[in-house]
Every structure is written in C-alpha cells, then in structure tokens.
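A.B. asks: Sequence:
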Amino acid sequence: MPSLSWPSVALSTGLACATAAAAPLGLPEVPVPPDNTQNSARIALGDRLFHDPRLSSTGAVSCATCHQAASAFTDSPLAVSKGVGGALGQRNAPTVLNAVYLSSQFWDGRAGTLEEQALQPLFNAVEMGLPSVDAALAIIRVDPDYPTRFREAFGPQTEPSAETLAQAIASYERTLVAGDSPFDRYQFAGDKTAMSPAAVRGLAVFTAWGRCVTCHTIEKTHATFTDNRFHNVGIGFNRYPEEIESLAAGMPPPRIAYREQTPPTPDRLASELGRFAVTREKNDLGAFRTPGLRNVALTAPYMHDGSLRTLREVVLHYVRGGFSPGDRARNKHLDRAINFLELSNAQVDDLVEFLKALTSPGVQGTPTEH
Numbered sequence: 001m002p003s004l005s006w007p008s009v010a011l012s013t014g015l016a017c018a019t020a021a022a023a024p025l026g027l028p029e030v031p032v033p034p035d036n037t038q039n040s041a042r043i044a045l046g047d048r049l050f051h052d053p054r055l056s057s058t059g060a061v062s063c064a065t066c067h068q069a070a071s072a073f074t075d076s077p078l079a080v081s082k083g084v085g086g087a088l089g090q091r092n093a094p095t096v097l098n099a100v101y102l103s104s105q106f107w108d109g110r111a112g113t114l115e116e117q118a119l120q121p122l123f124n125a126v127e128m129g130l131p132s133v134d135a136a137l138a139i140i141r142v143d144p145d146y147p148t149r150f151r152e153a154f155g156p157q158t159e160p161s162a163e164t165l166a167q168a169i170a171s172y173e174r175t176l177v178a179g180d181s182p183f184d185r186y187q188f189a190g191d192k193t194a195m196s197p198a199a200v201r202g203l204a205v206f207t208a209w210g211r212c213v214t215c216h217t218i219e220k221t222h223a224t225f226t227d228n229r230f231h232n233v234g235i236g237f238n239r240y241p242e243e244i245e246s247l248a249a250g251m252p253p254p255r256i257a258y259r260e261q262t263p264p265t266p267d268r269l270a271s272e273l274g275r276f277a278v279t280r281e282k283n284d285l286g287a288f289r290t291p292g293l294r295n296v297a298l299t300a301p302y303m304h305d306g307s308l309r310t311l312r313e314v315v316l317h318y319v320r321g322g323f324s325p326g327d328r329a330r331n332k333h334l335d336r337a338i339n340f341l342e343l344s345n346a347q348v349d350d351l352v353e354f355l356k357a358l359t360s361p362g363v364q365g366t367p368t369e370h
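Taken in order, the sequence shown gives residues 1 to 370; the numbers are from our numbering.
Quick caveat, the hints were computed from the structure, so don't treat them as lab data.
Keep in mind it's a predicted model, so treat the numbers as computed, not measured.
Heads up, a few of these hints could be off.
So the derived label-pair ranges between C-beta atoms look like this [to be verified]:
| hint | residue 1 | residue 2 | range |
| --- | --- | --- | --- |
| 1 | 193 | 282 | 46 to 52 Å |
| 2 | 138 | 229 | 35 to 41 Å |
| 3 | 320 | 242 | 18 to 24 Å |
| 4 | 320 | 141 | 51 to 57 Å |
| 5 | 361 | 268 | 36 to 42 Å |
Ideal Cβ positions, reconstructed from N, Cα and C, are used throughout, including at glycine.
Use the sequences and the hints to build the structure in full.
C.D. replies: This is the structure we're talking about:
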C-alpha cells in the first residue's frame, strides 16, 4: 500500500507532519499527549507497523489494507472492509486523516485515544484476527529490524510491548493531517476566488438553511467539521426499529473497565446499536459519531454502514428528515436536530459542490459521483 514517508510530506500538499510543521491552514494545532511525544524514529516505526500485513492471522491484512493512502486513507469504494480470510465487517472504514482531532475513536467511540484505538483491529476476529497482544509481539520480536527500531524510537533499554506498539502506530497517525482546501483558503485566508460560485452558495446552505453546521462545526479560526458527539440520524436503525429495540432491551450492562468493551459483533443488528453498545444509555441507541467532512468527496460510500453511494444521496437523506429508500419508519430515537429540509434541487447541487471544496491538495482518491 502507498505510504507517506517521514518527513517528505510538505505543507503545500495539505498534509502536515506533526513534529516538523504547524498544522495546515484551517486546522488547529495537532494535539500530542505528553506521554507519547513525537520523534522521527517513532513515526517511521509506526508507519512500518501500520503497513505490515504480518500483524494479522493470515499475514495478508494490515492497517493500511482498510485505510489506503490511495483512497484518502479509507477503503473506498467498498461499503465495508474485508478482513482476514475475506471476512466482511459491518461498518465503513472511516478515514484516518485528521483522526487526531477526534475526542474518541471508532464509529461508536469505544476508544478514547489513538493509542487505545491502535491495537483493537489487530485482535478483532473479522479484521486482523490475532489471538492476543503476545502474538503480535512475537511477530515483532523475531523480525531482524524491529527491536532496533523500537530502541531508537523509545530508548536504548526499550523492548517491544503493547504500550510502545500502540504508541508507535498512534505517532504515525498523528502525522496524517490534511487541510488547506479551497474552503480554507476562502474562509481563513480571505481568498474569495478559492471556491467556485456554486460552492460559495453551498456554504450558505451548509451554515443556514441546511443546518449542517450544527453538527459539522466551523470555528472562527479553524474547522474540524465535527462536534465529536453521537447522533441517531436514521441510517440502519430505520430499517429494523423493532428488532433493534428488542435486542437492546435484552443486553446486559457494559463491563466496568472501558478497555474491556467488546468490539461490535458481525451481526447486523448488533452493529446498529451504535454508541449504546458502549454506554447502554437509552439516548445512545443507534447513535454514531459525527464524522469530519474533510476530503469527503474522495471517500464514498458514506455513513457508518456505507449504505449511501454519493454525496447527493447523503444530502437527500437529510432533506427527507433522516429517511432513505428502504427504510421502514422514522425511529423514535432519531436525533431531535433531524427534521425535513426545504431545499431546492439547485441548493442540493450547491451543497454538494461545497462538500467537494473540502478536498485538500495532495490527498489521493476517486471523486464521488455528483
């Protein structure tokens, strides 16, 4: 899989390296935890681990298998990814670009940091399928190069461990930051020619009549395009409302230790529980984290289950008040902010053009259909 080599990625591409440069235009400072400071050796190690398919039960699946640089670090155009042995997951692979700005990871937020997220796919039976962290460390320790790289990254007395494995992968992921889009140049650099007239009209729809900005936030000096909250927007849940309600009613309380949360099962209904599977709070039933919208034109299909093929389909879902073809009914847990929108076809078109203007230079991918 293509990878970003350290530190060759320049700001002019819209991708910034966390230890070498400030965040690109339109994004806040890259947050780095004090117990996992960035250095070039640590980032290079994380890059290699991220792209190493040996860290799977079949030796054929890496983190980069589902988060490909050539697809804006998603698995586009697949709705859901294929793991070990061709097993299909139940959720769309979100982009790793700008994941550093999220307050929680995964669609259901079951990991609080990039470090907590990094190891979970390795031990997910559908994704990379390793039986334990010891199995991953055994692969690393017999490699002729890895032990030396770990010592260079973390200190001369350091041996590979679950902690340093997670820290290395997270360090690499913190360099995957993309901004400097036409929108950023228009909004934050004052270049009123940076966006097309249609995209400018679409921005007005986004911030006013469409109310998109309610959840996909824009601040005065930057925009991550997410409120970092969880919302039931009707996707998936509207198709099986009674069945999901019944499943939720019979589920036991969550485990006390957050790190012991069970990942989503391959079962379709269980996957649609969303945030509820982590918290068991009724108001989290069917709720999923608000995704950021940067480079969204390159990451089709959309939503947590990959069920909407184009940006226009996504917009029309919200125009219809959180309802899509094939849905049985608007569910009673639908977020209160989701209401029917009175948008014309021209306004829908303009909104799609605005979303395309969130594409950063240098980010690879296949543009979505209109």
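A.B. asks: All hints are to be evaluated individually against the structure, with a verdict given for each.
C.D. replies: Evaluated hints:
Checking the proposed 46 to 52 Å range against residue 193 and residue 282 shows it holds: the Cβ atoms sit about 49 Å from each other. Checked against the hint of 35 to 41 Å, the C-beta distance between residue 138 and residue 229 comes to roughly 40 Å, which is consistent with it. Separated by about 21 Å at the C-beta atoms, residue 320 and residue 242 satisfy the suggested range of 18 to 24 Å. For residue 320 paired with residue 141, a C-beta distance near 54 Å keeps the hint of 51 to 57 Å intact.
At roughly 38 Å, the beta carbons of residue 361 and residue 268 sit within the given window of 36 to 42 Å.
The structure meets every hint from the earlier list without exception.
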